[in-house]
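Line by line, the protein sequences give chains A and B. Take the first sequence: its position 106, counting from 1, is numbered 106 in the numbering used here, and each next residue is one higher. Take the second sequence: its position 393, counting from 1, is numbered 393 in the numbering used here, and each next residue is one higher.
Honestly, the hints are just simulated from the structure, not real lab data. Be a bit skeptical, because a hint or two may be false.
[Said to hold, decoys possible] Chain B side only, calculated, beta carbon under 7 Å to chain A, not exhaustive:
{"id": "1", "residue": "Gly-26"}
{"id": "2", "residue": "Leu-29"}
{"id": "3", "residue": "Ala-31"}
{"id": "4", "residue": "Met-41"}
{"id": "5", "residue": "Phe-134"}
{"id": "6", "residue": "Ile-142"}
{"id": "7", "residue": "Gln-146"}
{"id": "8", "residue": "Phe-375"}
{"id": "9", "residue": "Ala-405"}
[Stated by the list, open to error] If you anchor each label on the Cβ, the simulated ranges turn out as follows:
{"id": "10", "chain 1": "B", "residue 1": "Ala-295", "chain 2": "A", "residue 2": "Ala-69", "range": "18 to 24 Å"}
{"id": "11", "chain 1": "A", "residue 1": "Gly-28", "chain 2": "B", "residue 2": "Gly-214", "range": "40 to 46 Å"}
{"id": "12", "chain 1": "A", "residue 1": "Gly-60", "chain 2": "B", "residue 2": "Glu-395", "range": "17 to 23 Å"}
{"id": "13", "chain 1": "A", "residue 1": "Leu-35", "chain 2": "B", "residue 2": "Ala-347", "range": "56 to 62 Å"}
{"id": "14", "chain 1": "B", "residue 1": "Ala-438", "chain 2": "A", "residue 2": "Lys-188", "range": "39 to 45 Å"}
{"id": "15", "chain 1": "A", "residue 1": "Gly-60", "chain 2": "B", "residue 2": "Pro-369", "range": "49 to 55 Å"}
For glycine and all other residues, C-beta sits at the position ideal for the given N, C-alpha and C.
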Amino acid sequence: MAAAAPAIEVPIPRERVSAKILRALARGPVQLVLLVIGLLWLVPTIGLFITSILPLSDLGTSGWWQIFAHPSHATWANYSALFHNSGLMTALKTTAYISVGNTVLVVVLGAMAGYAFAWLDFPGRDWAFIGVISLLVVPIQMALIPMFRLYDSVGLFDTWYGIALFHAAFGLPFATFLLRNFFIGLPKDILESARIDGASEIRIFLRLILPLGLPAIASLAIFQFLWTWNDLLVALTFGQNTTPITVWIAGQLREFGSSLDIIAPASFISLVIPLAVFFAFQRYFVQGLLAGSVK
Amino acid sequence: MSAGGISAEPPVGAAPPPGAPPGRLGRYLTAGVFLTPALVMLGVWMVYPAVYTIVRSFFGQTGFLGTWVGIDNYKTLFTSSYFVTAIKNNAIWVAVVPAFVAALGLVFAVLTERVRWSVAFKTAVFLPMAISAFATGVTWRILYDQDPNLGAINALGRVVSDAVTPPGVLPNALPSTPALQPHGGGLLLKTPLHPGGVALLGLTGIAPQDMPKGSTQAVRPAPKAGQINGVVWRDFKPGGGKPGVVEKGELGVPGVTVELRSSSGKVVQSAKTDANGTFDFTNVSAGTYRAGVGASTFAKSFGGYSWLGTRLITPSLLIAYIWIWAGFAMVVIAAGLSAMPRDVLEAARTDGANEWQVFRRVTVPLLAPVLSVVFITMVINVLKVFDIVFALAPESTQQNANVLAFAMWQTAFAGGGNFGVGSAIAVFIFLLVIPVLALNVRRFKREI
């Protein structure tokens, strides 16, 4: 060891200088490549937006990028037509009901279950928890046919709350998993002193757990909201006249080319809300993702 | 069971909440209150349907159960070409998407580590994650349009293709007289020529806007000894004109490649036409020749790939799907990178490892758990892929783009109405996901 040490020390300064030069040289191309890739990744979304502000007469003859040659062709007419389209407005309202309704339900039920699994003591607790999170991988397809039949017979078919309940159920395993793991990391002594002071479990849950668990609850809520706002399959199966925006647009797909002045702006409207939520709460979204999304 | 006696008992040693005042029964009751709503919901919406679907998959088409058919539904699943296509396509999805997503995510995560504006880059790449797979399908359907004038991807293809093999000046031109005949993509004058001859190569079917720029009145050149000359012109003027005759008002076509062939058919000379359409071959030795217009003149411009057609639809879907999920992989892997022990990397560098060796021998092995999370997540996602197929594949190629989840939905709900086979597909998807479930439960158990 003693003999090897000087042998190592000598090349270090030289290495560092050359490494610096190399790194500086390498950075240029890397930056350029990243710039190109980053722009490339934005092109589809930009293309959709530009398509949405062009009149149908343009869309049949030239690509959306021609707008850079003829910026005057841009028009809000497609959008103003859509805002007077009662079908789309109803669909947007339904989407909001479904997304908000099921998110509230998942947060409340998931937090309660998460608290029970983290801080309450009962036999078989850990096995029950494993049972719940095992449900994470039950594909939605496993429930479509039976729930279709059941919804039909109990009058939940074609209602926004029927769709919301379905989403809530399938969101629960992830919600329970995420919140239980967050709650269990909360400082133990705060909870225990509250219990010694005689606070009821309900009170502890409402006054301590929920406020302290807010970061995880926010992640969960954002996740669940985006998940249901963007859903197609569930709404397509359990909705007929009461449908969210994705299903409403899907109804126009048959005549893709000639309905592009409806499809493109409606699709853009459908992604404005998720994008806004995403940008406003990016941090929580990423945290939720890292917490182990395996939906 | 006297409640008082229990509350007087000392707290159960191993239980996390010691000294809970209301006693064991009370504690169980509290747990029940907190758990019941979630458990009821999971029971009704997940456990009951799962059991029902498994049972239902052994029964016929309609009814609450219908008639017992044994494993016939599963046989249908593996024999009918409709389902076999879906299974094959899903296999392609599983083989391609997780690997590409993980690889792209890894590359992006490693590259952004060295860049100051990495947040902007990450936001751009992560953005599709917030957009619905359905809207993504619509978006890419616009990009994939076959007409290079409408679809951005084929427009780009045309730019590249036209740079490699430039399109001819007259892709749509036709001969104006029967004397000019098709020959290997070009045109060849039937009449043999000798030195001193004049070749009249009249063309029609050229729209005015397609005429090459700078063309002037066509000129019929005078014959010259030892030369073969001629003219290529637009043998048409408003009102018609006489075919095969160079008339006033008819334009010469510049830039056309004219070829002179010997009697054996070999090209001995070639020339380009001038603004008035004339060309000449000099120093032509005695013999019989034929003249014609080269094939390159008529080369068509790039027509666009049929991205949404029967053959390319699945690759097109894969590309769009990878576009969505690369950001997810990047963010998860970047988090893994930032949690990596820096001193290990520095030690490797100090020991003289170059950047590639550090990446290959240290970074990737240390990231293996994170990479496997990305991989597993993507396998599950891909086995259940539905929305993007629904939105991106036009009805005409939906059968070619078919995947399990799509086949399930179509069979059970979209006109199919076959709950037996539909249940069988659902169970099949479930069975494919179970090995992944086992892996995940192991991971969760470790985390507990």
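Hints versus structure:
{"no.": "1", "hint": "Gly-26", "in the structure": "violated, 9 Å"}
{"no.": "2", "hint": "Leu-29", "in the structure": "violated, 9 Å"}
{"no.": "3", "hint": "Ala-31", "in the structure": "holds, 4 Å"}
{"no.": "4", "hint": "Met-41", "in the structure": "holds, 5 Å"}
{"no.": "5", "hint": "Phe-134", "in the structure": "holds, 5 Å"}
{"no.": "6", "hint": "Ile-142", "in the structure": "holds, 5 Å"}
{"no.": "7", "hint": "Gln-146", "in the structure": "violated, 11 Å"}
{"no.": "8", "hint": "Phe-375", "in the structure": "violated, 12 Å"}
{"no.": "9", "hint": "Ala-405", "in the structure": "holds, 6 Å"}
{"no.": "10", "hint": "B:Ala-295 x A:Ala-69: 18 to 24 Å", "in the structure": "violated, 33 Å"}
{"no.": "11", "hint": "A:Gly-28 x B:Gly-214: 40 to 46 Å", "in the structure": "holds, 43 Å"}
{"no.": "12", "hint": "A:Gly-60 x B:Glu-395: 17 to 23 Å", "in the structure": "holds, 20 Å"}
{"no.": "13", "hint": "A:Leu-35 x B:Ala-347: 56 to 62 Å", "in the structure": "violated, 33 Å"}
{"no.": "14", "hint": "B:Ala-438 x A:Lys-188: 39 to 45 Å", "in the structure": "violated, 32 Å"}
{"no.": "15", "hint": "A:Gly-60 x B:Pro-369: 49 to 55 Å", "in the structure": "holds, 51 Å"}
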